[in-house]
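Undergrad: One-letter residues, chain by chain:
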Amino acid sequence: MSGRIVAVVLLAGAVLVQVTILNRIPLPWGVAPDLVLVVLVGVALRLGAVCGAVGGFCSGLALDVLPPTETELGRYAVLLCLAGYLAGSLAGTDRDSPVLPFALTALAALGVGLGFTGIGLVLGESRASLAGIVQFLPVTVGYTLLISPFALFVVSRCLRRFAAQRDPLWQEGEFSLRGDRAW
Amino acid sequence: MSPLGPDGLGTVGPRAAPRSRLVLAVLLISGVVLLALDSRGAAAPVAEPARAVGSAVFTPAAGAVSFAASPLEWGVDSIRAGAQTQERVTELEQENARLEQELVDAGRDAGRMDQLTELLELTDRGGYEIVPAQAITQVSARGYVETVTLDVGERDGVGPDMTVVSPQGLVGRVTSVTAEHAEVLLLTDTTSAVGARLEGEREIGVVHGESDAGSGFTNPGLRFELLDASAPVQEGDRVLSLGSHDGAPFVPGVPIGTVAAVEDTPGELSRLAEVSPAVNLSRLDVVGVVVAEPEEDPRDAVVAEDLPADVQREVTS
Numbered sequence: 001m002s003g004r005i006v007a008v009v010l011l012a013g014a015v016l017v018q019v020t021i022l023n024r025i026p027l028p029w030g031v032a033p034d035l036v037l038v039v040l041v042g043v044a045l046r047l048g049a050v051c052g053a054v055g056g057f058c059s060g061l062a063l064d065v066l067p068p069t070e071t072e073l074g075r076y077a078v079l080l081c082l083a084g085y086l087a088g089s090l091a092g093t094d095r096d097s098p099v100l101p102f103a104l105t106a107l108a109a110l111g112v113g114l115g116f117t118g119i120g121l122v123l124g125e126s127r128a129s130l131a132g133i134v135q136f137l138p139v140t141v142g143y144t145l146l147i148s149p150f151a152l153f154v155v156s157r158c159l160r161r162f163a164a165q166r167d168p169l170w171q172e173g174e175f176s177l178r179g180d181r182a183w
Numbered sequence: 001m002s003p004l005g006p007d008g009l010g011t012v013g014p015r016a017a018p019r020s021r022l023v024l025a026v027l028l029i030s031g032v033v034l035l036a037l038d039s040r041g042a043a044a045p046v047a048e049p050a051r052a053v054g055s056a057v058f059t060p061a062a063g064a065v066s067f068a069a070s071p072l073e074w075g076v077d078s079i080r081a082g083a084q085t086q087e088r089v090t091e092l093e094q095e096n097a098r099l100e101q102e103l104v105d106a107g108r109d110a111g112r113m114d115q116l117t118e119l120l121e122l123t124d125r126g127g128y129e130i131v132p133a134q135a136i137t138q139v140s141a142r143g144y145v146e147t148v149t150l151d152v153g154e155r156d157g158v159g160p161d162m163t164v165v166s167p168q169g170l171v172g173r174v175t176s177v178t179a180e181h182a183e184v185l186l187l188t189d190t191t192s193a194v195g196a197r198l199e200g201e202r203e204i205g206v207v208h209g210e211s212d213a214g215s216g217f218t219n220p221g222l223r224f225e226l227l228d229a230s231a232p233v234q235e236g237d238r239v240l241s242l243g244s245h246d247g248a249p250f251v252p253g254v255p256i257g258t259v260a261a262v263e264d265t266p267g268e269l270s271r272l273a274e275v276s277p278a279v280n281l282s283r284l285d286v287v288g289v290v291v292a293e294p295e296e297d298p299r300d301a302v303v304a305e306d307l308p309a310d311v312q313r314e315v316t317s
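Protein sequences, first through last, are from chains A and B. For the first sequence, my numbering assigns the number 1 to the initial residue and increments by one for each residue that follows. For the second sequence, my numbering assigns the number 1 to the initial residue and increments by one for each residue that follows.
Just chain A, same shape as in the assembly (with noise of 0.2 Å):
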């Protein structure tokens, strides 16, 4: 099976599991811990950044369509789009650590809510606030590192798993390097 197959499953099951039972969580701060994105640094750190980034856009725009409606179609789109490109193209420098994924998923998740603010910022969205930004983002960067290890422990071990390890597609180059990690 090809990895970009896997990942797309992946990344469905991860929106379906964000939408339907973490976004639904009555946890502590109100907060839930953003699945979708450490999915979407797991599949960028095997699959690279072209993956990383049309893998983000797909799953963002998804997330954008499904209730609750409470974003512009394209916000969440446009931001794991980059942090997917950005993952997958600084997945190649240190492959060995096994810090990388989990400082790249924190990164992403600290990114992404910035970029969720400063976008509601940007169209004037009453809603965003410096204030929330303080409030809610350590514990949602904090839920988000919480759930990485397992996250990231299955996304590779399917990868590993269903991904034929001679995947003519990862041969093209692109992808060759990725396709061998520690983890």
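What the hints contain is simulated information worked out from the structure, not anything from laboratory work. Note that the Cβ used here is the ideal one computed from N, Cα and C, for glycine as well. Hints may be right or wrong, so weigh each one.
Some residues of chain B that are not near chain A, with every Cβ distance over 10 Å (derived) [as the list claims (entries may be wrong)]:
hint: 1; residue: Leu34
hint: 2; residue: Glu95
hint: 3; residue: Thr178
hint: 4; residue: Asp237
hint: 5; residue: Arg283
Covered stretches of chain B, as calculated for chain A (at least 3 residues, CB under 8 Å) [stated by the list, open to error]:
hint: 6; region: 21-29
hint: 7; region: 148-162
Starting from the structure of chain A, add chain B where the hints point.
TA: Chain B only, in chain A's frame:
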């Protein structure tokens, strides 16, 4: 290093970058355009069907998850509630204590109202005008003077030498008043003497208090000394107050007690009878201070139970 391909490392480089950047640029631009349009409400033709599809996907999925996860959600709820449970318990305990207190108060109020009603009945029959009062202490200052303190005083029109009655009968008389309190000397105090008469008779006498100084209230009793040594008196006869000059310190017609035993005193100038008080003096609650005596002696009207008070009053007068 990489087992993936024969060409391994060398394939990453300038060749890959332009393509991925192009993809990124296209995606970002379309995303931003979408964002800009939708934020102005201009993307409705795209956004509305898309959201309808999203909703159609979401609703059954969310329903299924809700169904499957309802025990889980309940668990999360309880865990969250756990932190606040102790606080909540304390809050409820306090509220419970308050409500119990209110209940007790309400019961006490109801009891007091009953007593007041009875008191009013008594005073209505006798034609007395009273000030209702609460016995707030029952002090026997050094254990042998039987007095109670009432929560009414000069301010309420209470003065010395006024009769104090309870719903059941005579309690005593006011000995001293301050602005807010009045001291009442009980019937049963050894220094108390009340002019009295037998119900329905013209036999008169004096009721003395007979409490045993040493033993406190253990056997509060009254001794009725009839002035006529040959007066016909027997057990069960009721004793009423005779009434003093100008109604002070005792108004006429108030029940004092019932004859419990008659002593034979041959050769004496008077007859003696043991009288048990009509009022349980050790458990006083609501009493009335008679501030104005009746215009005419009610005679036996107060103790008449079979006839309505007004009819009885007509008969006796």
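Undergrad: Each hint should be assessed against the structure and marked as holding or not.
TA: Going through the hints against the structure:
Annotated as non-interface, B:Leu34 brings its C-beta within 10 Å of a C-beta of chain A; the closest such distance is 3 Å. No beta-carbon of chain A comes within 10 Å of the beta-carbon of B:Glu95; the shortest separation is about 26 Å. For B:Thr178, the requirement that its beta carbon stay farther than 10 Å from each beta carbon of chain A is met, with the minimum near 62 Å. For B:Asp237, the shortest C-beta to C-beta distance to chain A comes to about 80 Å, beyond the 10 Å cut-off, and the non-interface label holds.
Taking the minimum C-beta to C-beta distance to chain A, about 58 Å, the non-interface status of B:Arg283 holds against the 10 Å cut. Taking a C-beta to C-beta cut-off of 8 Å, the region 21-29 of chain B contributes 4 residues in contact with chain A, enough for the three needed, and the coverage statement holds. With 0 residues having a Cβ less than 8 Å from any Cβ of chain A, the region 148-162 of chain B misses the three-residue criterion, and the hint is violated.
Checked against the numbered hints above, the structure breaks hints 1, 7 and satisfies the rest.
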